[in-house]
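Undergrad: As given, the protein sequences belong to chains A and P, one line each in that order.
Residue numbers 1 to 312, in the working numbering, belong to the letters of the first sequence in order.
Residue numbers 313 to 582, in the working numbering, belong to the letters of the second sequence in order.
Keep in mind that the hints were calculated from the coordinates and are not lab data.
Just so you know, not all the hints are guaranteed correct.
[Said to hold, decoys possible] Which bits of chain P does chain A cover? Going by a derived footprint, with three or more residues having C-beta under 8 Å, they are:
#1 382–395
#2 411–421
#3 434–442
#4 553–562
Glycine residues also receive a C-beta, built at the ideal position from the N, C-alpha and C atoms.
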Amino acid sequence: MKRRFVETIALALLRGTAFAVLLATILLIGSIVRGGAGVITWEFLSATPTEGMTHGGIFPAIFGTICITLLMIVMALPLGVCAAIYMVEYAGSSGLARVIRASVNNLAGVPSIVFGLFGVGFFILFIGRSIDRVRGGGLLFGQPAMLWAAATLAVLVLPVIIVNTAEALTAVPRSHREASFALGATRWQTVRRVVLPQARAGILTGSILSVSRGAGETAPILFTGCAYFLPRLPIVHLGVPFTGLSVPMVNPLDQFMELSYHIFIMATQSTDAAATRPIQYGTTLILVALTFILNLAAISLRVRYRRGLESR
Amino acid sequence: MKSSAMVTPRPAREAVSNASPAKVAFGGVSFSYPGRQALSGVTLDVPERRVTAIIGPSGCGKSTLIKSINRIAEIGTEVKVEGRVTIDGQDVYAPGVDLVDLRRRVGMLFQKANPFPKSIFENVAFGPRIHGASRAGDLDQAVERSLRQAALWDEVKDRLGTSAMELSGGQQQRLCLARVLAVDPEVILMDEPCSALDPISTARIEELIEELRERYTVVIVTHNMQQAARVSDRTAFLLNGQLVEVDDTETIFTTPADRRTEDYITGRFG
Ligand SMILES: Nc1ncnc2c1ncn2[C@@H]1O[C@H](COP(=O)(O)OP(=O)(O)O)[C@@H](O)[C@H]1O
Ligand SMILES: [Mg+2]
């Protein structure tokens with residue numbers, strides 16, 4: 001009888017917590033949608049902020065977020081995947097490999113503001129200033145810029161990508177590696193032709209999820225490149241030689257606006273924070289939607305590949 | 313019993329009955345994993361174009377013995393090897409041995425069929441591809457020849473593009489055999505290849521082994537005494553990492569020289 005009673009209580013508690021989480025999510029999303037949906041118009045998405053950010057749109061922040069996210073992926077993904085391949089397929093279980101593994105795991109738990117400070121110290125003051133010194137002719141690299149902000153974010157998501165990729169690689173059965181080696185394949189051929197094709201789905205989904213985490217971060221870009229307000233997009237026009245034409249290109253050395261930072265400054269730095277409230281909601285909604293799209297992409301990839309794996 | 317097997321019992325160990333020269337030879341081989349010696353002082357000749365069966369209780373070192381030939385046993389672990397393992401007289405543990413070439417010459421079939429989650433075609437073409445074949449005509453030819461040799465061609469010729477994972481267990485094991493044959497090995501190692509198969513699939517594999525012995529040197533580990541008796545010319549009995557006895561299969565199963573061999577094949581232990 002007593003056991004039965006405990007069982008019932010336990011179930012009720014567990015169910016209760018599950019519902020609490022669900023409720024919190026619904027309330028959160030609900031309030032964002034309720035507050036933000038009304039603001040979202042084509043103008044909001046395509047215009048620049050005006051009148052001390054109490055009017056106008058958030059296009060530069062959307063543009064900046066997308067640029068920096070893409071740049072971050074370009075920097076972090078190849079590096080993270082290669083590091084994981086080395087760790088799982090080559091390093092084995094040597095002492096060095098264990099040290100690397102432990103530090104990667106620890107790095108994944110470091111607060112993001114620490115990465116922000118690291119970005120300033122390492123990328124801007126050390127690398128950037130060094131480049132400037134060698135180059136001569138004043139400050140160009142040694143100041144906050146999209147390049148350094150993206151690099152900082154890349155360092156932030158790198159351990160997460162490594163851990164996810166390593167997990168996907170480890171999931172490939174040992175018997176497949178053995179079969180490949182037994183046929184005379186080298187380690188690299190085994191990785192390329194047997195391990196990676198099977199781990200691809202896991203690597204991609206894990207990476208997208210880690211990227212979607214990085215895309216919403218404010219602290220790492222706080223000091224490394226994002227701007228309070230920028231009346232222009234971070235774009236340069238590069239002349240194509242001999243044609244007289246010029247093509248617009250994202251300028252990674254420029255500063256940029258970014259969604260989460262935009263929300264932060266509207267809420268805390270604005271002279272009239274109350275007047276920016278609807279725009280804050282709208283901006284939050286867009287940020288959440290972008291993250292959601294990334295997650296959706298990850299899920300659909302996973303489903304597609306899982307189905308593909310079975311029938312291939 | 314087939315082949316040149318002699319009927320008269322012969323003294324153990326020294327018995328080297330057949331005209332066939334040794335393709336693979338173990339000379340006083342001891343093999344250790346970290347903290348565990350798996351083989352001690354094994355001396356054994358594997359005759360060319362014959363089927364040699366390795367029998368013995370679980371954990372006695374059968375897998376280690378055959379995996380030491382293609383040097384798969386050392387993957388992912390530290391090992392210590394003493395003595396000599398040779399193929400055609402060449403030491404496979406000599407410094408500078410080309411592992412890729414060694415493993416091309418020595419194919420292996422595992423206990424559980426392990427096709428890649430790729431198409432049937434890609435599974436068989438895997439070996440030729442990694443060894444440099446790329447012309448579509450060559451690949452098609454190699455795939456068809458190997459699948460025919462593995463008696464799988466008629467069952468799969470209309471669906472070479474479908475996943476190997478859709479085949480039955482027996483078909484998967486024959487696919488793995490085709491995958492091995494596609495790289496033109498000289499020696500084929502089989503580690504309990506039928507232990508996960510039903511009797512009919514097992515019989516088909518056994519028929520295949522019968523055909524393979526005309527062109528290849530086969531070493532098969534098996535837990536099944538009848539299978540060893542059916543398919544092999546020579547049988548080696550391994551116990552606790554030591555070779556107890558090796559002789560013509562018929563001799564081993566009728567008049568073994570060692571008491572322990574007799575106990576094992578009659579089911580008194582193991
Ligand atoms: N990778 C390994 N690392 C450590 N010990 C191993 C490894 N593989 C096998 N062994 C040990 O070596 C002995 C022989 O194993 P194995 O050759 O697989 O025997 P069998 O195939 O006859 O069952 C066993 O005691 C086993 O535990
Ligand atoms: Mg075994």
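Undergrad: All hints are to be evaluated individually against the structure, with a verdict given for each.
TA: Hint check results:
Counting residues of the segment 382–395 of chain P whose beta carbon lies closer than 8 Å to any beta carbon of chain A gives 4, which reaches the threshold of three, so the coverage claim holds. Chain A is given as covering the segment 411–421 of chain P, and this holds because 8 residues of the stretch bring a CB closer than 8 Å to a CB of that chain, at least three being needed. Counting residues of the segment 434–442 of chain P whose CB falls under 8 Å from any CB of chain A gives 4; the rule of at least 3 is met. Check on the segment 553–562 of chain P: 0 of its residues sit with their Cβ under 8 Å from a Cβ of chain A, so the three-residue criterion for coverage is violated.
Violated hints amount to a single one, hint 4; each of the other numbered hints is respected by the structure.
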